[in-house]
Amino acid sequence: MSSEDYERTRTRVLVSILIVFLLAAPIWWRTTEVYRAPLPVEDIRAWKEDKAFHRTLTLNVDVAFYDHIGDGSIPTAGKLVEISEKLENDLNELYGTTEKGRAVRRGEVEESVPSEVFADVKLGFRISGELDLSCTDVAAKGDSWSSSLNGHYKVHVACTRPEAGKQTDIYVSSKRAVFVEIPGQCTDDVRVSHTLLSVIGGLFADEQTNYLKMTEQKGEAANTDWESMRTMKYASKYQVTFSLLNADPSKVLVNWDIQEAVKAYILPFFSQLSELSEFAIDSQVQNYAALPIQSQLMEKDGRTVHVLRPEALPHFINSAEWNLASVVSSAPPLNFVLYIPPQSQSPLFVVTFKNDVLETNAFLIPRWGGVVISNAEEIGVRHFSLDDLHPIMEVYVAQLRDLLGVKHIRIRNVETLLPNAQVTYETAPDAGITLWELDQLVRRRTVQNIVDAVTTLNSLATLITNLESMVVLDDIQSQVLYALDALRQARLALEANDFSLASQYAREAFVSSEAAFFDPTMVSMLYFPDEHKYAVYMPLFVPISVPVLIAVIREINGWKNRKKRIKQKEE
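Numbering-wise (numbering that gives the first Met the number 0), the sequence shown opens with residue 0 and increments by one.
You may find that some hints are simply not true.
[Said to hold, decoys possible] What follows is a set of in silico ranges between Cβ atoms, one per label pair, in the way DEER data are often shown: (1) Lys212 with Asp473: 36 to 42 Å; (2) Thr520 with Lys212: 47 to 53 Å; (3) Pro248 with Leu472: 48 to 54 Å; (4) Ser273 with Val189: 54 to 60 Å; (5) His382 with Ile292: 54 to 60 Å; (6) His314 with Leu472: 41 to 47 Å; (7) His382 with Ser147: 38 to 44 Å.
[What the hints assert, rightly or not] DSBU-like mimics (lysine-lysine), calculated; alpha carbons at most 35 Å apart, straight line: (8) Lys47 with Lys406; (9) Lys406 with Lys353; (10) Lys85 with Lys406.
Derived by calculation from the structure, the hints in this document are not laboratory data.
Even glycine gets a Cβ: it sits at the ideal position worked out from N, Cα and C.
Put together the whole structure using the sequences plus the hints.
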């Protein structure tokens with residue numbers, strides 16, 4: 000082989016290697032790149048902009064006057080319009096929905112939400128008045144006297160004959176209705192307006208305060224008050240476990256009719272909350288459940304008893320020995336324990352800091368559940384029947400209310416504003432929650448879910464923007480798009496005052512945003528960043544690339560020399 004053929008062959012081999020490199024480079028780049036489905040970052044950021052979610056939740060209140068004594072003591076039609084308009088203006092000014100931009104509550108001025116906060120939610124009121132000359136008995140508090148929709152309420156006003164010492168009677172029913180009996184004629188529009196303003200404004204004052212906390216502190220996670228610390232974080236589904244723990248089955252054998260008790264006392268409560276969350280229920284019985292803390296001795300009624308003090312209660316749960324998670328579930332757990340102490344520690348009571356024995360002999364563990372202690376009086380077999388479990392289930396329902404954020408309805412500062420008024424609150428029915436409480440919980444959770452969904456989506460957008468090696472699959476993109484659409488639908492539903500529909504969309508937005516943020520595929524490539532790629536590829540490609548690069552340089556120099564020699568020969 001001549002030198003020219005050798006050089007030609009060497010050039011062809013080198014060119015072939017370069018072609019292989021050039022063709023393989025884009026294939027390698029494509030097969031090793033991190034897939035990132037495009038996300039609507041601008042749409043996500045738009046929800047965080049100033050006044051992106053500034054909403055007034057309008058509540059419709061129908062005020063009806065009844066001629067209780069039949070002497071024309073109720074306002075005329077013209078006066079009724081004036082009272083309704085003045086009451087509506089005063090309420091909206093009180094709650095900061097007027098142009099004044101501040102809420103005045105019982106002599107206390109609170110500035111409205113700062114402009115840099117993306118969410119600002121206030122309550123607004125639409126008042127309508129009516130006269131009913133045919134009804135003379137306001138005591139018939141039936142279903143026809145209440146409203147069937149969230150956000151629609153009725154206030155029934157009757158004026159009674161003025162009597163010495165007669166006071167204003169206010170009856171807050173469990174079904175979106177308030178009954179007010181004012182002694183004297185209702186033609187005194189100033190007095191009537193003041194009474195109605197105090198009643199209606201006070202009923203929703205706590206709810207408005209909660210909205211201010213949510214929006215100013217940008218989410219429930221920022222709240223540090225006791226109520227927020229003990230309330231469970233919202234979830235679309237909860238796993239509820241009822242556990243019967245028997246410390247010493249050798250002395251006392253215990254069983255219970257838990258299925259019948261749950262059906263009778265717990266399921267009605269959960270059915271009322273079905274539009275907010277789902278609840279999966281299971282039960283279990285565990286024996287030889289030792290008390291994880293040491294009880295103390297105290298004298299009570301002339302005998303020595305064992306007591307658990309408040310500072311010891313947080314250590315009551317012994318997760319190493321008590322396997323309370325009987326069902327494998329990703330849903331947040333709610334545990335409710337009925338504990339039977341051993342004979343050596345009986346009777347066992349829960350006391351306060353002042354050493355007063357709690358009547359319920361139960362306590363709440365924030366964001367975990369509740370515990371009821373029942374002492375076995377005799378050795379042998381003890382059976383908790385449905386009737387025996389009734390007071391225990393009442394305690395569990397009360398603990399569930401605290402854990403799920405159900406707040407008691409009340410008229411704030413009624414003692415100061417209406418010092419001579421007698422207020423009666425109808426207790427919750429068998430369901431364990433009134434419609435007033437349910438409505439406020441639905442609205443509060445709706446706003447909270449919207450705020451949390453927006454915060455989660457913005458955190459996701461920031462994370463993906465800053466970490467270029469993070470995988471973004473099509474499923475994550477779909478979840479984000481669905482969450483944004485649900486947020487828009489929730490906002491439209493709130494504008495239409497359809498709180499039930501808004502709650503549904505807010506729940507879907509929250510669930511989708513959480514699913515996208517915590518998708519396990521997003522962190523797969525974070526453990527193999529670019530620095531690690533270089534560490535892997537350099538030992539492989541450097542030994543190959545250096546000889547090839549030297550050969551290319553040598554070939555280029557040889558080609559230049561050959562071209563130079565040919566040029567010299569031609570000259």
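The hints, checked one at a time:
no., hint, verdict
1, Lys212 with Asp473: 36 to 42 Å, "holds, 38 Å"
2, Thr520 with Lys212: 47 to 53 Å, "violated, 35 Å"
3, Pro248 with Leu472: 48 to 54 Å, "holds, 52 Å"
4, Ser273 with Val189: 54 to 60 Å, "violated, 45 Å"
5, His382 with Ile292: 54 to 60 Å, "violated, 28 Å"
6, His314 with Leu472: 41 to 47 Å, "holds, 43 Å"
7, His382 with Ser147: 38 to 44 Å, "holds, 42 Å"
8, Lys47 with Lys406, "holds, 29 Å"
9, Lys406 with Lys353, "holds, 26 Å"
10, Lys85 with Lys406, "holds, 30 Å"
Of the numbered hints given earlier, the model fails hints 2, 4, 5; all others are met.
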